[in-house]
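Colleague: Between the sequences and the hints, there should be enough to build the whole structure, so can you do that?
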Amino acid sequence: MLILAFRRFLSMALIMAIVSFTLFAIFESDKLAVAGKVLGPYSNTEQRELWLEQNGYNEPFLERYVTWVGNALTGDFGYSIQYKSPVSDVLWPRLGNTAILAGLYMLFMIPLSLTLGVIAGMKEGSIQDRVVSVGSVLTTSVPEFASATFFSAIFVFWLGWLPGTSAMTSGFSWAEIFLPVFVLVMYGFGYTTRMTRASMAEVMTSHYIRTAVLKGIPYRRVIMKHALRNALIAPFTVIILQLNWLLSGVIVVEVFFAYKGFGKLLLDAALFGDIFVIEACTLVAVFVAVFSQFISDIGYTLLNPRIRFT
Amino acid sequence: MTTEIQSNDTSPSAISKMFKSIGLLRESPIAIFGLSLILFWVILAILAPILPLYDPNAPLEPFKAPLADARDGGLYWLGTDHKGRDILSRVSFGAQQVLVWATTATAVAYIVGMLMGVVAGYLGGWWDEIISFISNVLLSFPVIVLYIIIITYLGATGFNIVLAVTFASAPGIMRIVRGLVLDLRTRDYIFAAQTRGESSLYIMLVELLPNARGPLIVDACLRLGYTTITIAMLGYLGLGLPPPQPTGAKMNAETQPLGSFAGHMAVVPAAAISSLVLGFNLLADGLREISMKD
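If you read the sequences in order, they're chains A and B.
Okay, so the first sequence: first residue is 1 according to my numbering, each after it adds one.
Okay, so the second sequence: first residue is 1001 according to my numbering, each after it adds one.
Hints were generated in silico from the structure; no laboratory data involved.
Given the structure is predicted, the values throughout are model-derived calculations rather than measurements.
Yeah, the Cβ is synthetic: ideal placement off N, Cα and C, and Gly gets one too.
Take every hint as true, because none was put in to throw you off.
On the chain A side, residues computed to face chain B include the following (Cβ under 8 angstroms):
1) SER141
2) PRO143
3) SER248
4) VAL290
Using C-beta positions, here's what the derived DEER-type ranges look like:
5) B:TRP1127 with A:LYS215: 49 to 57 angstroms
6) A:ASP89 with B:LEU1039: 52 to 60 angstroms
7) B:ARG1213 with A:PHE172: 47 to 55 angstroms
8) A:LEU32 with B:VAL1206: 46 to 54 angstroms
9) B:ASP1183 with A:THR205: 20 to 28 angstroms
10) A:GLY125 with B:THR1104: 37 to 45 angstroms
11) B:VAL1206 with A:LEU73: 48 to 56 angstroms
Modeller: Structure, rendered in structure tokens:
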């Protein structure tokens, strides 16, 4: 087990090293372009040369990369061109806001999709199975920007129950966070539901469930005690790996509702050309993705009784 | 997963095979419904230039409700937007853009992904190590970050969108194909081909890939839907195709703040994109159901 964890950890570190190097090569191999971005289009070559000299850009490329990685590891991501402040000052609060959004999403999505998936998978081909399956295809076909449009049309413009933006200018507000979370849940729950359903349906056809039913154990008990344990292993990994593509939904939702989160920060930086913010956001996003893969691998082996390491 | 083994000599002609597979679709009403949704948009997109539609970029009369009469005696079936452009016309031409680019991008991603997968699965060894490692690195990127980096670095053109979709999807396709090939390469007909002295290239392209098609067709439908969402989403985020072309989501983004008094302008394109994606997803679902039955 420890050996597996260690090997996974090594490959995670290797991937991070390659990603960070590629990123650095893309954005910072052209020194003059970096200086141009920082000092603005009206700076002359002399000023740019001076800035490069002062900020240590005349060192060899590899040396700069190592310094950059060292700084990033200690939380120093450089200086944001757009916000005129250190990147970390902007990054962490934004990341916190997105964590709230993603946390609430998980809080509602997980119970909903597990329940629906189990109900559907219990009896393959039954009415409830049909309803859940068709329902989850329908909701996963409506991308976030479309469902955000529909739900604001209903709740904001027609019924007038909820605010249309979630900028949180006067502190945290449940009314403002409701629609973003709702939109994410509507799009995201279908996938986990279908995975849970497939996993549950597979378990229900296995021999040990048949034996349990034939032994005369009450149906409820068969489901709760025997089926669920094995049926929920696969959805666990799916839920954790969702973090990877949750980010695209988060960006759309944050842009739509003007929510000050990590996704909007990344998009704004990309549109503005704020390279240090792009680099920092990418590193954080890839780290979260790789780390969640690590957790899901380890978790899977811990949960699955068929895999045992001595 | 069933893979039928056919030799090329006894199989019926391509056309009768196609009819047979369309006939198979009849077994699943879901697949038929999905296919009709897709065909509706394909036909509308093909006919867009010859239908009596207004110019999608011409400013006519702003803020008309659906079914309002036009000044020249015509009818705005779906109304007009804030710049006075006809929404029906914009949706039809937008469908053209989205369908062309989604299909191209998915096709290119498939060619790259299949080649990577068949090489990694059949040749194995270092080929497999290297290709699998590259895929793992690419898969560890959240896809949206990959899109944002590629498109902000290279610019938002159709070609770069195809490139970005390929980078994001090919590793996933490679994994599926590699898995299928690892299973197929132990079959007798592969040994037969090897004994005949066929080249690796021939075995990979003629013997392996055609026999791996079953699960790939289902995956391709899902991916088409997903690529449609991606292209629309990039348009929404301001990273899509340059302005004159109306993609559904772009219309949606432009009109979002105006929702308060002209809701239909944003809702119509959102509904259009959703129905197209629904078509792809239902078709994939139906196809999977049919393949499970055999």
